[in-house]
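There are 2 protein chains.
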Amino acid sequence: MSFESLFYPDTIAVIGASRKLKTVGNDIVKNLVYQGFSGMVYPINPKADELYGKRVYANVLDAPSDIDLAVIAVPAPSVVDSVKQAHQKGARAAVVISAGCKEIGNDALEYELTITCQERNMLLVGPNCLGVINPKIRMNASFANLMPAKGNIAFISQSGALCTAVLDYAKDLGIGFSKFMSIGNKASMDELRLLKYFAEDPETKVIALYVEQLKNAPEIIHVVQNLSRSKNPKPVILLKSGKTEAGAGAIASHTGSLSGGDAAYSALFDQAGMIRASSVAELFNLAQMFSKNELKPVHNVTIITNAGGPGVLTTDVIVDQGLSLAQLTDDTVQKLKDFLPFAASTHNPVDILGDAVAERYQKTLEIVAQDANTEAIIVLLTPQSMTEIEETARAIIEVHQNTDIPIVVSFMGRETVAPGVQLLKEADIVTTAFPEPAAKALACFGRFVRMSTKPISTPLAYQDVNKGKVAAIFGKAEKEGKTAFPEAEAIEILKAYNFPLLETAFAKTADEAFRIAQSIGDERTTFAMKIVSPDILHKSDVGGVMLNIAKADVAQKFNDMMKTVAHNTPQARLEGVLLVEMAPQNGIEVILGVNKESELGTMIMFGLGGIYVEVLKDICFGFAPLTREDAIRMINSLRSSALFKGVRGQKSSDQEKMIECIGRLSQLVQDFPQIVELDINPLLVLPEGQGAKVLDARMMIETLS
Amino acid sequence: MSFESLFYPDTIAVIGASRKLKTVGNDIVKNLVYQGFSGMVYPINPKADELYGKRVYANVLDAPSDIDLAVIAVPAPSVVDSVKQAHQKGARAAVVISAGCKEIGNDALEYELTITCQERNMLLVGPNCLGVINPKIRMNASFANLMPAKGNIAFISQSGALCTAVLDYAKDLGIGFSKFMSIGNKASMDELRLLKYFAEDPETKVIALYVEQLKNAPEIIHVVQNLSRSKNPKPVILLKSGKTEAGAGAIASHTGSLSGGDAAYSALFDQAGMIRASSVAELFNLAQMFSKNELKPVHNVTIITNAGGPGVLTTDVIVDQGLSLAQLTDDTVQKLKDFLPFAASTHNPVDILGDAVAERYQKTLEIVAQDANTEAIIVLLTPQSMTEIEETARAIIEVHQNTDIPIVVSFMGRETVAPGVQLLKEADIVTTAFPEPAAKALACFGRFVRMSTKPISTPLAYQDVNKGKVAAIFGKAEKEGKTAFPEAEAIEILKAYNFPLLETAFAKTADEAFRIAQSIGDERTTFAMKIVSPDILHKSDVGGVMLNIAKADVAQKFNDMMKTVAHNTPQARLEGVLLVEMAPQNGIEVILGVNKESELGTMIMFGLGGIYVEVLKDICFGFAPLTREDAIRMINSLRSSALFKGVRGQKSSDQEKMIECIGRLSQLVQDFPQIVELDINPLLVLPEGQGAKVLDARMMIETLS
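One line per chain: the protein sequences are Z and L, in this order.
Numbering-wise (this note's numbering), the first sequence opens with residue 693 and increments by one.
Numbering-wise (this note's numbering), the second sequence opens with residue 693 and increments by one.
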């Protein structure tokens, strides 16, 4: 099994080659023959002799030499036989273009195809895909008729139809590809396997994906984190469709109903550090940004413009996206003042006025590129009477060659600025037709670079957990066919994982009650006291329940209660008193839950509790296992996270305990994947240093097959 | 003073014409001479004889005939004289291109120029502007060198530099203009005056603006509402820069600190029904959408595509933007099934498969255009082997000509699809290079049409207010130089405008106390009772304060209190008891405030109260005067507005009373523009039918000059 045979074959057989124009089997042969591939191509078709100057063989077994790669475009029923024959001829990879498998309900055929390849140690791309293109060796083993430029972007699409449009967009933007492929039904070759391959591929600097569904979030997170935080970080940019689909599907459970499919994907992308584009256009602006620039930390940006309005529009996006306008050094400002006209703005945005010619752009750029506070430059140009469009492009290119600072250019307009834009593209400079996308791409770039330098943290894990106890509880439950764990039983499980619970203790004497009370909570802790007697059913009727008892009063109240109850029910045997810690009054209610997304993994949900969970839906998700960094990101991602910082003079909340609870839950669901649903609601988060308390919980498990 | 002279002049003088290439004074003459203007052009320059074949006059007074319009490009110090001379030659409008006025701090010159024109009843555009273009008469009285196509969009830009890029974008999109102008410093001619003109201009169907600042929100709202809800509604689309600017400026007052500049502009645009584009690109996609389609209600959209992925991406935007996918009728589905291949999807999105040729597009379009549930169609095309790009464009054009249903097209890609896109543009069909903007533009279109059919409502106003009383209070305050009104005094003012306040009454006897208590609130109302005596300072020390007294107990407690206080302070004269209504426990705290935005007007602020006002900043704004529709929109715009609908079995809140409080506040600030700040915080909103209660308030006024 070899990626070498897939991407760098010497010999390719096209099984299902066709003489009929505008068919898939014809296009593939034409693309392989006419677009510069220098290896051998064997068209296979029992009814033809020659195609595009190549001899056609009736069967791949008739081919004059062994093959590396089989591209298969025969009708579905013949696909498996074609694979077997290709294997006999030495093929170690198959690209199955043919449709007619899972996508039309024929799961059995797809399974057979997958197994056939697997048993033969052959790579399988598809079925139902457009094919594979490797511009470096000019191999177009697809039925898309454009050979893209050679470049450093690996593009993987779940949709074949999108690919042809993508090739067009890419050409227009002047970007090229290291590999370009459609993966169709993903029977075997999916994004995960390709991410692992491209992580090591020296030709690939940027990975761009179009995705409809994914599987196995934890492994994707693992792979992408390793990709994007390595010594040589590679960004993974993606466009995910089906955002709103989930709105339609009703999910039964409570946590589930708040999550929905797209929330799960968003959590996955955030956690992995994947960069999600919000549109096809943005996908390509981001791809060119990463493709054409070396990774540099970018936070402070300087705008150079010949028009005020676009400068302000761009500033808006810069600030909106979390970047800053660079504060130019005094030295820079002075140098700019020395040559710019009086009316120019020598502060950021640097407005060099409507009559700026190329030379003025160039001088300004040279000065700003040397500015100590500037980490990236956005150059804006509107075509005015004096504007030298091509000359300005050349000036930018010259400065760009002498600096490693990222430069993003927007020549505003279309036809008028086209000659300049063309020059910029040829020089591998990022250009956008409008100013806002330039700023947005730069912001994403900056965020990625900041993220890429963070070390990968390990999942939160605690030693003080009793895994055996929970295993025993679940083991027993499984035997009994029991799946639901209401409050008391759920609390028992949480206790084994050392969640902060309200404490309960039994005291036989006033002294003991006092001692126990001292050992629980802090000086603010109060207790409910309940008489313990096998003879008393309605405790409160006989004075057997007291609430809000301060620590200092516990002994006294013990004696009082004993006396009162003995007086009211002289015949009852009184064994002692149950001390139950009461929920503190000074906390913030949050909700902490678990929801299993069948294909992706188990998600931890964290959010604002109380009535606001329903009204504001201020919640966030993360896939187990979670790291400390993940937990902090989740907490801070709530819109109301400022609540935890303390408002109106209140103390800030115990963030460490929130992180710990999230971490313990992550560990619990990792240890016990049978947990499909769990709600800790509310978890009462107390002020800093005072911890948190689980007030209620419930849990559901499933039988693991 | 005449817009006719400005937009349809017969004779134009260019004062400050220049022989020097690439100068403003040269470009304007060239544009007027070479771009097809059929009127007379008199270049004015004391040092030249001829320019572009036209005789140059030393002074406008030397011109052989009177003029209608003067385009002035002389140095700033000569501008006023030029205007005066132009007026002597009959000019009724002046376009002042010259810079050097307010924008460099020369306010005096700008004032003199404005007054000079005003006294002479001349229209003044600029100064510091690019000029005016009227494509219908091919008049390019600007220094932008492109004559745009004739069309139905009036474009008004505060930035001249943006205009040149805009002309390029417009050409690329195939859209044209009724008028195209830059208004520079807006000394006299501003957006408001132009909106009024374009409201009546039969050539103008759509008004597009690029704006940096606006003034007088109430009048803009009035004008735009009349524009967009008339029999012949015209949409106003705008791009407003400076979104994040406000973040920098700290505003002193509490309400103010929550508003900030962009919140005010957002409120203005929402209230007026202006359509705000989020980028230059979006501005033009929206403009072409409205320009090329007749206004039709659009909610249910059908997507026709030859590729699944883009269909899903477009569906995401459709749903995200509040539109729905049309549910095709059974009849439509059957007709589609009858001719589409088996693998096609005959449900929405209608996927006609990658091998769809033009004929398949056309048949599908014809069927869908007849579908009873489809209000608009988005056609997507990805270029695949079988795709007939130009033929498909022609098929769409043909269907488009036979239906009045809006059709929006995205041929995905660039070079490959360009010939088809060109045909679509020439046929005035909306096209976008990417699918998402198509859906977004359609959604804006649908929202506008829905809004445009709503009647314009009148501002909320109440008869039961005591304007005289408030006038007296403010009159007295002004004499005393007093500007701040703390709680008690603010409450007094609110009382005069009949806001719902906690009631207070004095009772001399137990019987009277009982009677009064019955007349206040409802059966849940409780009272604080306070002894009234000139001799008692610390009422609670002598048993002179009781809280939470139920109605039924008032008489009894009156007697108890009298007895206790008399016993404790036998020497005190007891006059009776003050009954103070207590705040109900079952309300939701909101905040209702006022903030004056100096240039725009007075804003009413409504938002969630309590600690959440700081954490969530869940607030909204509207400019007084507000209508019932505005008040409802404001209430529903809160993220937590679901709180008012009742959550977890709680009753819904008294929406009518919220509307009333908003309306009374709007009326108060209309009646008294000296109010610069007012916070009703909290306003306690009770369950439906129970009203609301002002619990606290404070107010600031300013001296009106």
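Check before you lean on any hint, since a few could be wrong.
One copy or any two copies: either way a pair holds, since identical chains are not told apart in the list.
[To be verified] Keeping only pairs whose Cα atoms sit at most 20 Å apart, straight-line, the calculated EDC-like set for lysine to aspartate or glutamate is:
| id | residue 1 | residue 2 |
| --- | --- | --- |
| 1 | K712 | D1047 |
| 2 | K1349 | D773 |
| 3 | K714 | E1082 |
| 4 | K739 | E986 |
| 5 | K722 | D1047 |
| 6 | K1200 | D1214 |
| 7 | K1029 | E795 |
| 8 | K1255 | D799 |
| 9 | K1117 | E1107 |
| 10 | K863 | E1107 |
It should be emphasised that the hints constitute simulated quantities derived from the structure, not laboratory data.
Evaluated hints:
In this assembly of identical chains, the alpha carbons of K712 and D1047 lie at most 20 Å apart only when taken from different copies (14 Å versus 59 Å within one copy). When the C-alpha separation of K1349 and D773 is checked against a cutoff of 20 Å, the pair qualifies neither within a copy, at 60 Å, nor between copies, at 76 Å. When the C-alpha separation of K714 and E1082 is checked against a cutoff of 20 Å, the pair qualifies only between copies, where the shortest distance is 16 Å, while the shortest distance within a copy is 41 Å. Within a single copy, K739 and E986 get their C-alpha atoms no closer than 52 Å, and across copies no closer than 56 Å, so neither meets the 20 Å cut-off.
Taking the shortest alpha-carbon separations for K722 and D1047, only the inter-copy value of 18 Å comes in at or below 20 Å, while the best intra-copy value is 52 Å. Proximity of K1200 to D1214 under the C-alpha cut-off of 20 Å is found in neither arrangement, the shortest distances being 22 Å within a copy and 51 Å between copies. Taking the closest pair of Cα atoms, K1029 and E795 come within 20 Å of each other only across two copies (19 Å); inside a single copy the shortest separation is 65 Å, beyond that limit. Proximity of K1255 and D799 under a CA criterion of 20 Å is satisfied in neither setting, with 75 Å inside one chain copy and 90 Å between copies.
Taking CA atoms no more than 20 Å apart as the test, K1117 paired with E1107 passes in both settings, with 15 Å inside one copy and 15 Å between copies. Taking identical chains as interchangeable, the C-alpha atoms of K863 and E1107 lie at most 20 Å apart whether they share a chain (17 Å) or sit on different chains (8 Å).
Checked against the numbered hints given earlier, this structure breaks hints 2, 4, 6, 8; the rest are met.
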